[in-house]
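Position in the sequence shown (first residue = 1) + 1 = the working numbering.
Calculated from the structure, these hints are not laboratory results. It is possible that some hints are incorrect.
Quick list of the computed label-pair ranges, beta carbon to beta carbon [stated by the list, open to error]: (1) D230 x T274: 50 to 58 Å; (2) A87 x Q377: 30 to 38 Å; (3) Q259 x K422: 54 to 62 Å; (4) P341 x K370: 20 to 28 Å; (5) G397 x K422: 50 to 58 Å; (6) K370 x G397: 48 to 56 Å; (7) Q259 x T142: 19 to 27 Å; (8) T59 x P341: 52 to 60 Å.
No more than 20 Å apart at the CA atoms, straight line, and that leaves these computed lysine to aspartate or glutamate pairs for EDC-like [to be verified]: (9) K435 x D339; (10) K311 x E449; (11) K468 x D302; (12) K311 x D462; (13) K291 x D97; (14) K86 x D280; (15) K139 x D150; (16) K436 x D292; (17) K481 x D292; (18) K457 x D97; (19) K232 x E202; (20) K116 x D238; (21) K153 x D178; (22) K334 x D446; (23) K116 x D255; (24) K153 x D107; (25) K58 x D474; (26) K229 x E202; (27) K457 x D446; (28) K48 x D290; (29) K294 x E91; (30) K317 x E456; (31) K435 x D446; (32) K180 x D168; (33) K457 x E313; (34) K241 x D331.
All C-beta atoms in this analysis are idealised placements derived from N, C-alpha and C, irrespective of residue type, glycine included.
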Amino acid sequence: MKKTILSLFVFVQYTALFAQSFIADPVIMTINGQAVPRSEFEYSYNKNNGADVIDKKTVEEYADLFINYKLKVCAALAARLDTAKAFRDEYLMYRDQQVRPTMVTDADVLVEARKLYDRAKEQIGPKGLVQPAHILLKLSTKATQAEQDKTKARIDSVYRALKGGADFGEMAKKVSDDKGSAARGGLLPWIGPGQTFTEFEEAAYALEKGQMSQPVLSPVGWHVILMKDRKQLEPFDSLKAQIVQSIEQQGVRDRIAQERITQTVAESDGTLTPQSVMDERADSLAAADKDMKYLMQEYHDGLLLYEISKREVWDKAAADEAGLDAYFNDHKKDYVWDAPRYRGIAYYTKTKDDIKAVKKAVKKVPFDKWAETLRQTFNRDSVQQVQAQVGIFKMGDNPLVDKQVFKVSSAESAKKNTSPKDFPFSGVYGKKLKKPQNYNDVRLDVVEDYQDMLEKAWVYDLRQRYKFSVNQDVLKTVNKHQ
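Could you put the whole structure together from the sequences, leaning on the hints where they help?
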């Protein structure tokens with residue numbers, strides 16, 4: 002009997018292992034009741050541990066970070082941040098940017114290119130294309146008779162010189178008012194029927210290659226036209242790549258996708274909306290392409306992570322003045338300077354009397370209010386009496402502080418220290434510090450460290466609040482399976 006039970010146990014165990022080997026995407030971890038497939042973890046791990054990553058993580062190290070990431074997303078979902086309109090709008094905008102191009106194939110773009118070519122060929126017709134060069138003397142339609150006569154005399158003179166053997170290109174560079182083409186010896190791009198002024202077009206198409214027109218008047222002035230070349234439109238295959246590139250740059254794929262969405266909605270008899278069409282398309286893509294699925298999920302969760310981190314860590318730390326002060330006082334030994342600093346103001350004034358007035362204005366005001374006090378006292382109504390810089394200065398930050406506080410040599414500081422125009426008087430006011438006296442002296446560093454502390458406490462709390470587990474056997478197979 003024991004033998005039979007043992008045999009049955011072995012059979013069940015073997016069957017389970019055999020079945021497990023055929024699971025294409027086993028569960029690698031479970032977080033707050035949600036199973037995470039190995040493929041999702043691999044997608045994230047491989048993306049964040051590429052060849053260009055300096056601080057690469059082992060699979061085990063990354064698993065720990067991945068759990069923290071997922072727990073923060075759980076917290077964001079619990080706070081219903083995913084229901085906020087701003088979140089939904091930003092996520093759907095990004096998701097649709099990924100989805101819309103999949104609604105259009107290269108063959109669709111080629112069809113549009115062919116349509117464009119056929120329209121151009123029909124418009125050009127048997128007249129073909131011409132590439133003229135011209136010399137233009139501009140003439141306003143409001144020109145006086147005297148101005149008209151003067152311009153006509155000039156173009157006639159140019160024409161006679163050309164007939165007498167003057168070089169067309171050199172003449173264009175010297176006298177043409179079309180500066181763009183003048184730099185190219187008067188050469189214009191290839192043009193077809195209907196692309197320029199009627200008067201210019203008729204005169205140009207009447208010329209054979211190498212022929213030159215008499216002066217021609219158009220709405221912009223007088224032209225002398227030299228026909229450089231003529232041709233028929235090339236076959237589609239020879240222009241295909243150029244046309245496709247052009248319409249791609251003009252957003253043809255987005256236009257085609259929008260037309261298809263509009264058509265699908267119209268054919269649904271009111272059962273679909275543009276957004277529901279995109280929802281269905283996104284769902285079908287996610288089901289067929291795991292990379293696309295995880296890309297969209299990554300952005301979705303990343304937005305949630307940003308919002309919840311902003312709420313729980315970043316904004317909380319920046320606004321918690323009492324907490325920052327207490328943190329600084331508990332960790333003073335961590336905040337040292339390699340050289341003294343100057344907490345104060347460096348300023349320039351228009352009058353000598355304002356040197357003392359500036360010091361008096363800020364003397365009994367908290368340091369963080371100095372800049373606003375100066376603005377209200379001296380620079381109201383956009384009339385500037387004082388130019389000032391308030392801050393925590395180290396040597397090299399401000400030439401005036403260097404000279405008057407850090408006693409940099411006069412010759413050296415003079416190279417940098419030049420008074421602004423109309424502000425000939427200068428002064429400094431503040432206190433030289435050997436080490437930070439309060440958290441505002443090193444605020445950025447304290448905020449960053451305080452955020453780290455809040456982050457660790459938050460993660461600890463999340464790990465207590467939500468259940469999670471890791472399948473170590475599956476973790477060992479990351480990037481090692483067929």
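Quick rundown of the hints versus the structure:
| no. | hint | verdict |
| --- | --- | --- |
| 1 | D230 x T274: 50 to 58 Å | holds (54 Å) |
| 2 | A87 x Q377: 30 to 38 Å | holds (35 Å) |
| 3 | Q259 x K422: 54 to 62 Å | holds (55 Å) |
| 4 | P341 x K370: 20 to 28 Å | holds (24 Å) |
| 5 | G397 x K422: 50 to 58 Å | violated (24 Å) |
| 6 | K370 x G397: 48 to 56 Å | violated (27 Å) |
| 7 | Q259 x T142: 19 to 27 Å | violated (41 Å) |
| 8 | T59 x P341: 52 to 60 Å | violated (44 Å) |
| 9 | K435 x D339 | holds (9 Å) |
| 10 | K311 x E449 | holds (13 Å) |
| 11 | K468 x D302 | holds (19 Å) |
| 12 | K311 x D462 | holds (17 Å) |
| 13 | K291 x D97 | holds (17 Å) |
| 14 | K86 x D280 | holds (17 Å) |
| 15 | K139 x D150 | holds (13 Å) |
| 16 | K436 x D292 | violated (52 Å) |
| 17 | K481 x D292 | holds (18 Å) |
| 18 | K457 x D97 | violated (35 Å) |
| 19 | K232 x E202 | holds (15 Å) |
| 20 | K116 x D238 | holds (13 Å) |
| 21 | K153 x D178 | holds (14 Å) |
| 22 | K334 x D446 | holds (13 Å) |
| 23 | K116 x D255 | holds (17 Å) |
| 24 | K153 x D107 | violated (54 Å) |
| 25 | K58 x D474 | holds (19 Å) |
| 26 | K229 x E202 | holds (14 Å) |
| 27 | K457 x D446 | holds (17 Å) |
| 28 | K48 x D290 | holds (16 Å) |
| 29 | K294 x E91 | holds (17 Å) |
| 30 | K317 x E456 | holds (11 Å) |
| 31 | K435 x D446 | holds (17 Å) |
| 32 | K180 x D168 | holds (17 Å) |
| 33 | K457 x E313 | holds (11 Å) |
| 34 | K241 x D331 | violated (70 Å) |
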